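Visitor: Protein sequence lines correspond, in order, to chains A and B.
Letter by letter, the first sequence follows residues 1 to 305 of the working numbering.
Letter by letter, the second sequence follows residues 1 to 305 of the working numbering.
Be aware that one or more of the hints could be misleading.
When chains are identical, the list treats them as one kind, so a pair holds in a single copy or across two.
[As the list claims (entries may be wrong)] Dumping the calculated PhoX-like pairs for lysine-lysine here, alpha-carbon to alpha-carbon at most 25 Å:
(1) LYS243 / LYS110
(2) LYS163 / LYS153
(3) LYS158 / LYS287
(4) LYS110 / LYS142
(5) LYS95 / LYS142
(6) LYS167 / LYS153
(7) LYS243 / LYS95
(8) LYS95 / LYS110
In short, the hints are calculated from the structure, not lab data.
Note that the coordinates shown come from a computational prediction; the quantities given were computed from them, not determined experimentally.
Number of protein chains: 2
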Amino acid sequence: MIDFNVTVLGCGSAVPTRTAKPSSQLLSYRNKQFLIDCGEGTQMQMLKYSVRHRKLDHVLISHLHGDHFFGLIGLISTFHLTGRQSTLHIYAPGKLQALLEHQLQTTATKLSFPLIFNALEDFEEHNLYEDDYLFVRSFPLKHSTPTWGFLIKEKETKRRIDKSFIKQYRPTVNEISSILDGNSFLTKDGIFLQNSTITHDPPEVRSYAYCSDTAYEPSISKVISGVNLLYHEATFDNSLQSKAHEWLHSTAAEAAMIARRSGAKKLLIGHFSSRHNNYQLLLNEAKTVFENTTICKEGETYQVV
Amino acid sequence: MIDFNVTVLGCGSAVPTRTAKPSSQLLSYRNKQFLIDCGEGTQMQMLKYSVRHRKLDHVLISHLHGDHFFGLIGLISTFHLTGRQSTLHIYAPGKLQALLEHQLQTTATKLSFPLIFNALEDFEEHNLYEDDYLFVRSFPLKHSTPTWGFLIKEKETKRRIDKSFIKQYRPTVNEISSILDGNSFLTKDGIFLQNSTITHDPPEVRSYAYCSDTAYEPSISKVISGVNLLYHEATFDNSLQSKAHEWLHSTAAEAAMIARRSGAKKLLIGHFSSRHNNYQLLLNEAKTVFENTTICKEGETYQVV
Numbered sequence: 001m002i003d004f005n006v007t008v009l010g011c012g013s014a015v016p017t018r019t020a021k022p023s024s025q026l027l028s029y030r031n032k033q034f035l036i037d038c039g040e041g042t043q044m045q046m047l048k049y050s051v052r053h054r055k056l057d058h059v060l061i062s063h064l065h066g067d068h069f070f071g072l073i074g075l076i077s078t079f080h081l082t083g084r085q086s087t088l089h090i091y092a093p094g095k096l097q098a099l100l101e102h103q104l105q106t107t108a109t110k111l112s113f114p115l116i117f118n119a120l121e122d123f124e125e126h127n128l129y130e131d132d133y134l135f136v137r138s139f140p141l142k143h144s145t146p147t148w149g150f151l152i153k154e155k156e157t158k159r160r161i162d163k164s165f166i167k168q169y170r171p172t173v174n175e176i177s178s179i180l181d182g183n184s185f186l187t188k189d190g191i192f193l194q195n196s197t198i199t200h201d202p203p204e205v206r207s208y209a210y211c212s213d214t215a216y217e218p219s220i221s222k223v224i225s226g227v228n229l230l231y232h233e234a235t236f237d238n239s240l241q242s243k244a245h246e247w248l249h250s251t252a253a254e255a256a257m258i259a260r261r262s263g264a265k266k267l268l269i270g271h272f273s274s275r276h277n278n279y280q281l282l283l284n285e286a287k288t289v290f291e292n293t294t295i296c297k298e299g300e301t302y303q304v305v
Numbered sequence: 001m002i003d004f005n006v007t008v009l010g011c012g013s014a015v016p017t018r019t020a021k022p023s024s025q026l027l028s029y030r031n032k033q034f035l036i037d038c039g040e041g042t043q044m045q046m047l048k049y050s051v052r053h054r055k056l057d058h059v060l061i062s063h064l065h066g067d068h069f070f071g072l073i074g075l076i077s078t079f080h081l082t083g084r085q086s087t088l089h090i091y092a093p094g095k096l097q098a099l100l101e102h103q104l105q106t107t108a109t110k111l112s113f114p115l116i117f118n119a120l121e122d123f124e125e126h127n128l129y130e131d132d133y134l135f136v137r138s139f140p141l142k143h144s145t146p147t148w149g150f151l152i153k154e155k156e157t158k159r160r161i162d163k164s165f166i167k168q169y170r171p172t173v174n175e176i177s178s179i180l181d182g183n184s185f186l187t188k189d190g191i192f193l194q195n196s197t198i199t200h201d202p203p204e205v206r207s208y209a210y211c212s213d214t215a216y217e218p219s220i221s222k223v224i225s226g227v228n229l230l231y232h233e234a235t236f237d238n239s240l241q242s243k244a245h246e247w248l249h250s251t252a253a254e255a256a257m258i259a260r261r262s263g264a265k266k267l268l269i270g271h272f273s274s275r276h277n278n279y280q281l282l283l284n285e286a287k288t289v290f291e292n293t294t295i296c297k298e299g300e301t302y303q304v305v
């Protein structure tokens, strides 16, 4: 199966603790990598957990609270100092562009590589990136500052031709192309073979969704419907639900409700408040709503299956 | 003896490694703390090493290369989120003020505490701070951007009156004050006691100097003459001396030459290039010039004695 996984680099919230660093995740798909959020110390977390990032050309920043982007200038600086040459694409709220420029100017840095900044201004769903195999879509979350979630989803592929059919009938390139387009096949002996009998279903498309930071927002579930792996913030436990509502965060149970509504296969919760040191409680509360829930662990890689 | 020590939080250089985080040190004196430089991840290093910083009201930033200040906005942000109320004084190159304001504006942060910014514009020696017991002086270093070193030095205190004299002659408050001013004492029996016979020398003043980043600059030694503990950058070993000269850094041996010239009691070297993983080599090179040299170790506290 094609590689599709996400490594958690930090899953704390605004105030870091010994065990919970600010938000950052590195998503790997085939020969590409996407960094999602980049809190302070993200580059150190990569070093700590020996996370390779040589294919990292895209950085997605969900919103402009410091715990989601204060590490970006340090990472960019290290790329520069180690002689990076390939283009880095940043997708972030527009205001970050001027700040990055100010930071580079203050440190008298003329980058060794091109940096392309893509402002997340559109509040509707929007494809930020796509290639032959997958697309990255942004969608609005509900937080105290403009905030976006991200859906990274494989594209549908064509049906696959049965190997024994190819061996027996040796179709030409044109015939193969026609079968892949859904047409049936007439053999030299005049036998009509239905497309469905000589092809297999393509592998199911897989998707990953990142929803942080956000209050409980049921409309999210439609956008991420059928997601294989859902990361949803779970800043508080049930006892702090009023704080969650006040500060536009979610409880673990609310995260689980989004997982259930969207038909997710698996839920990963994180962005834990520094008030919590018993993550098991958060896990238990989520599991009462959605059984297949896992607590984010820094340095851990989760497969999107 | 009055507390006077420095805890190293990071002693790497521009590109962090697993073992060397960006520059930061916390100096403690009596009931005061001074943070010297604040590279990315400084607040996490404080958590990691359980370094308390409740008396931290002063931050000194030597220069505007990212590895010396990228962690400041995160620390300020955490102070704000945890409800700090007391004033924070920052002493840094002037350009940092506008950048901090831009960062706070971007994150829509209205600080919970007063922040007073003091620009290091004066290239002569300059007292940044003083109280009854010590002063903090800035002085120019020689680097690729305006850079300051810092000298934190105790003030001279008055002579101390011998306890047995007090017990025997029970001097009045005015008489004590007169003796502390250097006068001698006439007993009721008409005996003349020389000041030197009824007082002791005050404790010797102690000082700490921070010199990073800088090329080898002999004039530094005059400013920090007789320093008890000298931190001096030692980015490279002898084999990379030409790089040190090109980039205005020092070798370990050059750091040691400054220690010898200034009559330092002890030398602490740090700011190691990511090219080096054998710090023992740097230590050996320094020791050939100045025997009492120590390699900086993160999380370690060094006494100023």
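Visitor: Which constraints among the numbered hints does this structure fail? Numbers only, ascending.
Guide: Result: hints 2, 3, 6, 7 break, sorted rising.
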